[in-house]
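The whole structure should be built from the sequences, with the hints applied where relevant.
Number of protein chains: 2
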Amino acid sequence: MNTGTPRIEINEVGPRDGLQIEKTFVATDDKVALVDALSDCGFARIEVTSFTSPKAIPALADAQEVMRRIRRRPGVVYTALVPNIRGLERALEVGTDEMNLVMSSSETHNRANLRMTRDQSQAELTAILQAAKGSHVPCNVSLSTVFGCPFDGDVPVGEVLRLATQLVEAGATGITLCDTTGMAYPTQVAALCEAVSRALPGLPITIHLHNTRGMALANAIAAWQTGVTRFDAAAGGLGGCPFAPGASGNVNTEELVHMFECMGVRTGVSLQPLLDIVQGLPQLVQREFSTPLLAAGPRLATHQPPAWLAEKFGPTQTPA
Amino acid sequence: MNTGTPRIEINEVGPRDGLQIEKTFVATDDKVALVDALSDCGFARIEVTSFTSPKAIPALADAQEVMRRIRRRPGVVYTALVPNIRGLERALEVGTDEMNLVMSSSETHNRANLRMTRDQSQAELTAILQAAKGSHVPCNVSLSTVFGCPFDGDVPVGEVLRLATQLVEAGATGITLCDTTGMAYPTQVAALCEAVSRALPGLPITIHLHNTRGMALANAIAAWQTGVTRFDAAAGGLGGCPFAPGASGNVNTEELVHMFECMGVRTGVSLQPLLDIVQGLPQLVQREFSTPLLAAGPRLATHQPPAWLAEKFGPTQTPA
Chain A
1 MNTGTPRIEI NEVGPRDGLQ IEKTFVATDD KVALVDALSD CGFARIEVTS
51 FTSPKAIPAL ADAQEVMRRI RRRPGVVYTA LVPNIRGLER ALEVGTDEMN
101 LVMSSSETHN RANLRMTRDQ SQAELTAILQ AAKGSHVPCN VSLSTVFGCP
151 FDGDVPVGEV LRLATQLVEA GATGITLCDT TGMAYPTQVA ALCEAVSRAL
201 PGLPITIHLH NTRGMALANA IAAWQTGVTR FDAAAGGLGG CPFAPGASGN
251 VNTEELVHMF ECMGVRTGVS LQPLLDIVQG LPQLVQREFS TPLLAAGPRL
301 ATHQPPAWLA EKFGPTQTPA
Chain B
321 MNTGTPRIEI NEVGPRDGLQ IEKTFVATDD KVALVDALSD CGFARIEVTS
371 FTSPKAIPAL ADAQEVMRRI RRRPGVVYTA LVPNIRGLER ALEVGTDEMN
421 LVMSSSETHN RANLRMTRDQ SQAELTAILQ AAKGSHVPCN VSLSTVFGCP
471 FDGDVPVGEV LRLATQLVEA GATGITLCDT TGMAYPTQVA ALCEAVSRAL
521 PGLPITIHLH NTRGMALANA IAAWQTGVTR FDAAAGGLGG CPFAPGASGN
571 VNTEELVHMF ECMGVRTGVS LQPLLDIVQG LPQLVQREFS TPLLAAGPRL
621 ATHQPPAWLA EKFGPTQTPA
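First to last, the protein sequences are chains A and B. Residue 101 in my numbering sits at position 101 of the first sequence; the count goes up by one each step and never skips. Adding 320 to a residue's 1-based position in the second sequence gives its number in my numbering.
These are computed hints drawn from the structure, not numbers from a lab. Ideal placement from N, C-alpha and C gives every residue a C-beta, glycine not left out. Do not rely on the hints blindly, as some may be mistaken.
Stated by the list, open to error - Residues from chain B shown here face chain A by an in silico Cβ test under 8 Å; the list is partial: (1) Met321; (2) Gly324; (3) Ala432; (4) Leu434; (5) Thr437; (6) Met503; (7) Thr507; (8) Ser568; (9) Glu575; (10) His578; (11) Pro612; (12) Leu613; (13) Arg619; (14) Leu629.
Here you go:
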């Protein structure tokens, strides 16, 4: 099998991309405790919160307090979503390590999600990138819907390349290719990752996957096989998209870590502490949801054979 | 991306591998209607039933009647599980096109599932293969737990190759590599498929995947990239394993079809009629279960933008 790099980096986006659409307001103390627990798992990056208007996203109204109070583990990059100059200022005030700017590659999703045209968003992002230059804080741009828009359908690769190139020219230090509503499929993921790598050699590319149609891990493999080393993921598969009915959340971090570690690819993340966090998520967000890997356990978490087996056959084991 | 063949074959195992563990007895008329509807979807193979003792699997006690009454669509191979000579005779009486024999590659799972040692199972299968020779009906062998056993852990590749080789020498016309409890991961799948292909060149290999830890579609891609063209799958992801708590069912047929068709790989299966069948499954088996692709729809089943969008912006579409 064609393999990628022996080491990948995971950006845990659950505290931001997951909690932002939850109906329950998670208390600030609990958010800080969640990020601190995630810090101890070994993530390369954690997207802590979003400096959007508290009116737009009340779930993350405590962005500054959370970012101020989290324990900064050395080596972990603490990022936050920043939608405008005011958000950038708030994020800088509390020492955010890296900014994540967002716009959609498709026109209708951008209008529905951000209430601006793509041109307006691009101008806004360019202004943020300009304003951030003095701070020397890296600014990544997440391009939504690059593998398909729930309203417009497929997005031309040329549009993705145009936006990525212009945003990098404006100062973006990395691009995240987002499968916002789980429309990506493996050959498409590979082709787009390769096209962006070719157009912008050396640019750090992150892939952001959703598991809406079951393909999240297959798409992660496809991206990894092209050389992508950075993956967004949300513990417990939190998140979703309000504009795509039936859309499930982000790729489960625990499943992504488990798969890559099984393959001998180092993620830096310790699975068991992560599973402990996942176990507490339904209580944190006050709703039930299924977490398959937690139910089944890691692949080599073997079970005791039925009791009647020893009586019938004596001790048993497949010979090595 | 390294790609496999442009056309694959899907073996729909839901009527056997799915229904056998359901608590509700599905009426014979409904089973026949299910298989007939599946026949119209374009599957290469359908595993219709199991000729096990009605005491062992009461859910499939009507095996002969179902196999007699289904409509035989030309081009579809109708298979059945056959555990012993008596089962073979019953299957032959009703014109089963192909037999599927089963044993585990791990000792403890074989004892727990089949109540025999592997040596005993191998002797039984060899006797069935011998007895079937006169009929010229093909006999596939499904080797369970080849990617890991829920009791014994990893199974040595040498054991899988030994059993596969000996069973092929005894007359098996194909081997199915079964990830019985969803322990497989992509590089492992690729390595084992390649090892079996090398050891038994030209042998038809089928891959049987479960989605227990989210990797079913990633594993399907890995197998396909090595040249495997035959895939077991169950509509709606029916099935499971009674010995692995938390284990989910087979890879969802609709997700497998959807992924490969998105990639331009022909499965022969029409997705919409299949989704119609999947929609009826919860009623058929009298329990609720989630079918993500049905909830989300195929990737290009786009949605209407929110109504306020047109008022604010006028008509909108990403330029081609």
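These are the hints, each one checked on the structure:
Below 8 Å, beta-carbon pairs count as interface contacts, and Met321 of chain B has one with chain A at about 4 Å; its hint therefore holds. For Gly324 of chain B, the interface hint is violated, the least distance from its beta-carbon to any beta-carbon of chain A being 11 Å, above 8 Å. Contact between Ala432 of chain B and chain A, as hinted, is supported at the beta carbon level, the nearest pair being about 6 Å apart and thus within 8 Å. Below 8 Å, beta-carbon pairs count as interface contacts, and Leu434 of chain B has none with chain A, the closest being about 12 Å; its hint is therefore violated.
Annotation: Thr437 of chain B was flagged as interfacial toward chain A, and the flag holds, the nearest CB pair being 7 Å apart, inside 8 Å. The criterion of a C-beta within 8 Å of any C-beta in chain A is met by Met503 of chain B, whose closest approach is roughly 4 Å, and the hint holds. Taken as an interface hint, Thr507 of chain B checks out: its beta carbon lies about 5 Å from the nearest beta carbon of chain A, inside 8 Å. With 8 Å as the threshold, the beta carbon of Ser568 of chain B comes within range of chain A, its nearest partner Cβ sitting at about 6 Å, so the hint holds.
Residue-level restraint check for Glu575 of chain B holds (minimum Cβ-Cβ distance to chain A is 4 Å; threshold 8 Å). Because the smallest distance between the Cβ of His578 of chain B and any Cβ of chain A comes to about 6 Å, under 8 Å, the interface hint for this residue holds. Of the supplied interface hints, the one on Pro612 of chain B holds, with its beta-carbon coming within about 6 Å of a beta-carbon of chain A, less than 8 Å. Evaluation of the Leu613 of chain B hint against chain A yields a held restraint, the C-beta minimum of about 5 Å falling below 8 Å.
The closest approach between the C-beta of Arg619 of chain B and any C-beta of chain A is roughly 4 Å, which is under the 8 Å cut-off, so the hint is satisfied. Interface restraint check for Leu629 of chain B: the shortest CB-CB distance to chain A comes to about 6 Å, inside 8 Å, so the restraint holds.
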